[in-house]
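Chemist: Join these two chains into a complex; the hints should help.
From first to last, the protein sequence lines are chains A and B.
Mind the numbering: the first sequence is residues 4 to 214 in our numbering, read in order.
Mind the numbering: the second sequence is residues 453 to 841 in our numbering, read in order.
Hints are computed from structural coordinates only; laboratory data are not their basis.
Be a bit skeptical, because a hint or two may be false.
Cut-off 20 Å, straight-line C-alpha distance, at most; resulting in silico cross-link-like pairs (SDA-like, lysine to any residue) [claimed, not checked]:
id, chain 1, residue 1, chain 2, residue 2
1, A, Lys166, A, Val178
2, A, Lys31, A, Arg20
3, B, Lys831, B, Phe690
4, B, Lys556, B, Ala543
5, B, Lys831, A, Val178
6, B, Lys840, A, Glu78
7, A, Lys60, A, Ile91
8, B, Lys831, A, Arg24
9, B, Lys571, A, Thr213
10, B, Lys571, A, Lys166
11, B, Lys571, A, Pro182
12, B, Lys831, A, Arg20
13, A, Lys31, A, Phe187
14, A, Lys60, A, Asp29
15, B, Lys556, A, Gln186
16, A, Lys60, B, Gly839
17, B, Lys831, A, Phe187
18, A, Lys31, B, Gly839
Negatives, chain A to chain B, calculated, CB over 10 Å [said to hold, decoys possible]:
id, residue
19, Ser9
20, Arg17
21, Val43
22, Ile70
23, Lys107
24, Asp116
25, Arg119
26, Leu131
27, Val132
28, Lys145
29, Gly173
30, Val205
Using C-beta positions, here's what the derived DEER-type ranges look like [stated by the list, open to error]:
id, chain 1, residue 1, chain 2, residue 2, range
31, A, Asp206, B, Gln575, 27 to 37 Å
32, A, Thr162, B, Phe560, 17 to 27 Å
33, B, Thr713, A, Glu98, 49 to 59 Å
34, A, Lys207, B, Glu521, 32 to 42 Å
35, B, Ser784, A, Glu127, 29 to 39 Å
36, A, Thr174, B, Asn797, 47 to 57 Å
37, A, Lys207, B, Gln575, 24 to 34 Å
38, A, Asp206, B, Asn797, 37 to 47 Å
39, B, Phe459, A, Glu127, 45 to 55 Å
40, B, Glu476, A, Glu98, 23 to 33 Å
These figures come from a predicted structure and were not determined experimentally.
Every residue, glycine too, gets a C-beta built ideally from N, C-alpha and C.
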Amino acid sequence: MPLPYSETVMEHFRHPRNVGRIEDADAKSIEGSPACGDMVAVYLKVDPEDLRLTDVKFESYGCASNIATGSIITELAKGKTLEEAKAITWKQASEALGGLPPIKTHCSVLAVDGLRAAIQNYEERHGLVKERVPTTVEVVRKRLKHVMNPLVGLDLVRTKVVKDIEVSDGTVRVVLDLPSDHQFAANIREEIMEKIEPLWDVDKVVVEFTE
Amino acid sequence: MTMFGEFVYLDNAAATRLDERVLEVMKPYLFETYAVATSQFGYSPGIEARDALDAARATIARALGAAPEEFIFTSGSTESSNMALKGVALALGEKKGRHIITSKIEDFAVLHSARALEKQGFQVTYLDVDEHGRLDLDQLREAITAQTILVSVQAANQEIGTLQDVAAIGAICRERGVLFHTDATHSFLRVPLDVREVPVDLVTVAAHLIHGPKGVGGLYVRQGTPLVKWMDGGFQEFNLRAGSENIPGAVGFARAVELVTPEETARLQEMRDRLIERLLRIPHSRLNGHPVLRLPHNANVSFRFVEGESILLHLDMRGFAVSTGSACFSRSLEASHVILGIGGNHERAHGSVRFTFGRFNQPEDVDAVADAIADVIEKLRAISPLGKE
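Pulled out of the complex, with its shape left as it was, chain B reads as follows (with noise of 0.2 Å):
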């Protein structure tokens, strides 16, 4: 079953189908208990919506092994990101330093703010990567300096799926003193993380993969994280984000996070496994990624001689839904600065696919796909001036 009756949904790292029974508790808090969230000195509905909001994040702060007070609701993972990034900036730039660590290959919303950072006189390392896009930890350890203040790396990547040591970056981090933030937007409850036993201070997480609502996601912040409001309005979320709390979005986003299991998670990975194991079948196919260290959903692969958008175009065409590394796809029209940052050439990112499984894939979906892409690739090569003798 997929949202758009036949057709078969494989960009679920871009965006996955709501679950019904995420939407059915989500319903009397649009409809009945849709009152703002207030104080216990408050109207009867507005009491209930606080209790149902703090039941939403015991629950999600549960799922990382945090304290309730140590999860902030926000808007989605790039706010979550921004508010880690700038909050920290805000916090710590004027008192300890203002050097702060990243990777190459973040998601924009790390990215992002680290470069509106820098133009505000903070100075930025981006840390290479390998070729399967692995950190290199002896060059982290370098990087660090007495002026660091933050280092933030993803847990798992967006595009090729790699997944990094966050534990090992944790200790380093915890040994020199210097506050980590890890985006575990794309492995949140897919790769196990648990704040117990690993030293990360600042985690961003979001609803939106995990069959939760779009516009809702959080910020686990570790107790006595030195962190500045960076949005200003009222004193929701303890005083760290302000404006009307998502009640509907925070209750969903609880029920996403409960609907989780590591057996729908193997069930992902079978079908991961099977789909790379077809399209290597094809001739000059790569895989991108880490072979073995990557999110159990998602396979990302270069066919050469063709280019993304158009094998996207030509699948859409034939009822399946996957996302391209091409620069004629991006809205940069910039190639992936993933496959760039592990060594790939600007073909290599032109022509990768990626494909990522959820909850409402089938086992029969592989197949078609494995079937429907190997006749676009062979149709694109015979058009194509490359790969000929």
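So that you can see chain A by itself, here it is in the shape it has in the complex (with noise of 0.2 Å):
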């Protein structure tokens, strides 16, 4: 059968793997919307003596490629410390399953995304997280990198897609070097909206177009 999916993918997304819910995790997450279209739930199970990761599982509401990376992921992390967790990284993800479709980055940045967001949420339950940092315009080109150009696959950041960046009063200005009628321009709003907007210190995102 002739699909952009590898055999992998496929197979993970046939039988993903630890799917379901931990009732007494010691700490969970839930990233993306179904307003957005991709959605996983993250829960973990540790063992405070050497912070290991005894069990993790997921739920997904989405697209094949980001129940297949909620499959490996939890695979991935399982058995390891929260700190070897953290440093999984999408490439590791995307390589264990054989590769992914540039324009399916999104839905499986999302399941990486959603582990980072549990092990943070164990860590502020048990008082192991540092002092928070000031959103800067560092802050937000750093985020951005995590924004991809769907066209190519690529970050905005890398592909100068981001023209300008401004922060003031709680206040983040992204202008985007892309006209208002792209194929992709809402998708890339919508994208630098949730990553930009979960930030402790910040009200409003406005993101502008070039024509």
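Modeler: This is how it looks when you write it as structure tokens:
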């Protein structure tokens, strides 16, 4: 059957590993939303002695690459320490799956973000978090490196789509070198909002396009 | 019988299988009479080609209640709609006004032609539709101004199948002296449209959704409609559409028109009704589009808590082809503008699945796909974080 996905992706899509909830989870996270089309919930059991993940489970509302990445990420994370699991990248997950189509980066990054958010949730609950850093232009730029240009599968910063970033009084303004009627304009805008809005000291995000 | 052996194809609003009888009449114009259509003073094969083109034109025009010279062959419905909107804009933009009215749920050929015209200084009003996708006629009446040159509203929707009251829309336009174009790509021959009864000036149609060849369509242009040639070249098609005529395509299109019957349409409708009834038995499902005023071969249902691309892929593995309005499936990664246009949220768009029937579907396909999708939905809901307590 001619499909855009690798055999491994299809195998994980058909038979996802570690699916479901952990009722007495030590930490959990929900990334994405029904509105954005993909959503992942990650549940953790952590050994408090050596901070090792004894169990990882996930649930997915999303497309095939979202389900497959959720599945592989739980396999990769299980048995690792929090620090090790935090270091798992989208690239590693993608490689373990035999590659993912560039246009599907968003849906799969979500699962990696979900794992990290769940670990952060554990750290916050157990007083393991370092001090919160204020949002600066550099912090925004770093986050935008996780927003993909779906056409090429590379991030917005690297493909020089981000023209300008301003941060003042809780308002973040991102100017893109992209026309507002670009094929992916609405999608990219949504992705940027999703990445910047959750920052603790940000009240408002403005995305501007150039004509 | 389906094109893919055991595969059950239920995406007939995207493309249909060519009917063998269509291919048979096309063949001579590919291998024997392959000359371009010439004037009456040309060589014999060219004259024969021209005669075949004229006969095909007459057949299709008759199906619309039109005169042969009112039917222009194009490369398909996208070109036809571009030609209608841009052709009228070029003809009347300077003379009469620069305002165009359309609906929010049009297919991209109309919607994006309108947007392109906006960039050139035209003003476009995108009318709302109700929860079923029907246009508010009062809103249309209010939107028409002295500057309005064209109203373009589809006869039937590409995704949710809702039919518009083209006769009423046409009457309003006629009364106000505004041209009316309708994109009838999805309703052509399945829902009657006779230009002698409906006051419409331009109609987009295509062959590929009625088991004809891809790459051929047409535009009905009522006699006297101001339309400027949009693509430059030779003097073909009454000097309205340049380019060597697609004779095999035109001949195939005409044969495809002849082969559609009301009995067949009734058969498709029975399958559609049975499928809708089965799908709505699945918990947390809802019909998209109008319950009655809809295309006879279109069923569109949203399933909550699950995403369309996953449904589509699972169905593909089980041997069924369907379509979805999910953002993940779209080329622009945007949720269906039609589902959003009828007031649905993103989740409803992501979980929407379109099933469209054609000539080669059999009644047993209905239960087969209904069983398969019930199983797929259950499986995907089991792994979804949504919809639990």
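Chemist: The structure should be examined with respect to each hint, and the outcome stated for every one.
Modeler: Against the structure, the hints:
1. Our distance criterion of 20 Å between C-alpha atoms is met by Lys166 (chain A) and Val178 (chain A), whose separation comes to about 5 Å.
2. With a C-alpha separation of about 17 Å, the suggested pair Lys31 (chain A) and Arg20 (chain A) falls inside the 20 Å cut-off, and the hint holds.
3. Distance hint between Lys831 (chain B) and Phe690 (chain B) is unfulfilled; the C-alpha atoms sit about 57 Å from each other, more than 20 Å.
4. A hinted pair counts as satisfied when its Cα atoms are at most 20 Å apart, and Lys556 (chain B) with Ala543 (chain B) does not qualify at roughly 24 Å.
5. Distance check on the hinted pair: Lys831 (chain B) and Val178 (chain A) sit about 42 Å apart at the alpha-carbon level, beyond 20 Å; violated.
6. With a C-alpha separation of about 24 Å, the suggested pairing of Lys840 (chain B) with Glu78 (chain A) is violated against the 20 Å cut-off.
7. Using a Cα cut-off of 20 Å, the hinted pair Lys60 (chain A) and Ile91 (chain A) holds, with the two alpha carbons roughly 16 Å apart.
8. For the hint pairing Lys831 (chain B) with Arg24 (chain A), the CA-to-CA distance comes to about 15 Å; that is within 20 Å, so the pair holds.
9. Of the supplied pair hints, the one linking Lys571 (chain B) and Thr213 (chain A) holds, its CA atoms being roughly 14 Å apart against a limit of 20 Å.
10. Of the supplied pair hints, the one linking Lys571 (chain B) and Lys166 (chain A) is violated, its CA atoms being roughly 23 Å apart against a limit of 20 Å.
11. Restraint check for Lys571 (chain B) and Pro182 (chain A): satisfied, since their Cα atoms lie roughly 12 Å apart, inside the 20 Å limit.
12. Taken as a hint, the Lys831 (chain B) and Arg20 (chain A) pair is honoured in the structure, with Cα atoms around 14 Å apart against an allowance of 20 Å.
13. In summary, the hint linking Lys31 (chain A) to Phe187 (chain A) is not supported, as the alpha carbons are separated by about 31 Å, beyond the 20 Å threshold.
14. Only pairs whose Cα atoms come within 20 Å are accepted, and Lys60 (chain A) paired with Asp29 (chain A) is accepted, the gap being roughly 12 Å.
15. Restraint check for Lys556 (chain B) and Gln186 (chain A): satisfied, since their Cα atoms lie roughly 18 Å apart, inside the 20 Å limit.
16. Straight-line distance between C-alpha atoms of Lys60 (chain A) and Gly839 (chain B) comes to about 18 Å, which keeps the hinted pair within the 20 Å bound.
17. Pair hint Lys831 (chain B) plus Phe187 (chain A) does not hold up; C-alpha atoms about 31 Å apart against a cutoff of 20 Å.
18. Proximity of Lys31 (chain A) to Gly839 (chain B) is assessed by CA-CA distance (about 18 Å); at most 20 Å being required, the pair is judged to hold.
19. Interface exclusion of Ser9 (chain A) from chain B stands, the closest Cβ pair being 13 Å apart, more than 10 Å.
20. Listed as outside the interface, Arg17 (chain A) is inconsistent with that label: its C-beta sits roughly 7 Å from the nearest C-beta of chain B, within the 10 Å cut-off.
21. Val43 (chain A), annotated as away from the interface, has a beta carbon of chain B within 10 Å; the closest lies near 8 Å.
22. A Cβ of chain B approaches the Cβ of Ile70 (chain A) within 10 Å, the least distance being about 7 Å, so the stated non-interface status is violated.
23. Interface exclusion of Lys107 (chain A) from chain B breaks down, the closest Cβ pair being 8 Å apart, not more than 10 Å.
24. Against chain B, the non-interface label of Asp116 (chain A) holds: every CB pair exceeds 10 Å, the least being about 15 Å.
25. Arg119 (chain A), annotated as away from the interface, keeps every beta carbon of chain B farther than 10 Å; the closest lies near 17 Å.
26. Listed as a non-interface residue, Leu131 (chain A) keeps its Cβ farther than 10 Å from every Cβ of chain B; the least gap is roughly 25 Å.
27. Chain B leaves Val132 (chain A) outside its interface by the beta-carbon criterion, the shortest separation being 25 Å against a cut-off of 10 Å.
28. Remark: the non-interface label on Lys145 (chain A) is consistent with the geometry, its nearest Cβ contact in chain B lying 23 Å away (cut-off 10 Å).
29. At the 10 Å boundary, the C-beta of Gly173 (chain A) stays outside the reach of chain B, the nearest C-beta of that chain being 27 Å off.
30. Even its closest Cβ contact with chain B, about 23 Å, leaves Val205 (chain A) beyond 10 Å, as expected for a residue assigned away from the interface.
31. The hinted window of 27 to 37 Å between Asp206 (chain A) and Gln575 (chain B) holds, with their beta carbons roughly 36 Å apart.
32. Checked against the given bound of 17 to 27 Å, the beta carbons of Thr162 (chain A) and Phe560 (chain B), roughly 26 Å apart, stay inside it.
33. Hint check: Thr713 (chain B) to Glu98 (chain A), Cβ distance near 55 Å, so the stated range 49 to 59 Å holds.
34. At roughly 60 Å, the beta carbons of Lys207 (chain A) and Glu521 (chain B) sit outside the given window of 32 to 42 Å.
35. At about 37 Å, the beta-carbon gap between Ser784 (chain B) and Glu127 (chain A) stays in the expected band of 29 to 39 Å.
36. Judged by the Cβ atoms, the range 47 to 57 Å given for Thr174 (chain A) and Asn797 (chain B) is violated: they are separated by roughly 27 Å.
37. For the pair Lys207 (chain A) and Gln575 (chain B), the supplied restraint of 24 to 34 Å holds, since their beta-carbon distance comes to about 31 Å.
38. A hinted range of 37 to 47 Å is violated for the C-beta pair Asp206 (chain A) and Asn797 (chain B), which are about 25 Å apart.
39. A hinted range of 45 to 55 Å holds for the C-beta pair Phe459 (chain B) and Glu127 (chain A), which are about 51 Å apart.
40. Between Glu476 (chain B) and Glu98 (chain A) the C-beta distance comes to about 52 Å, which lies outside the given range of 23 to 33 Å.
Comparing the model with each numbered hint stated earlier shows that hints 3, 4, 5, 6, 10, 13, 17, 20, 21, 22, 23, 34, 36, 38 and 40 do not hold.
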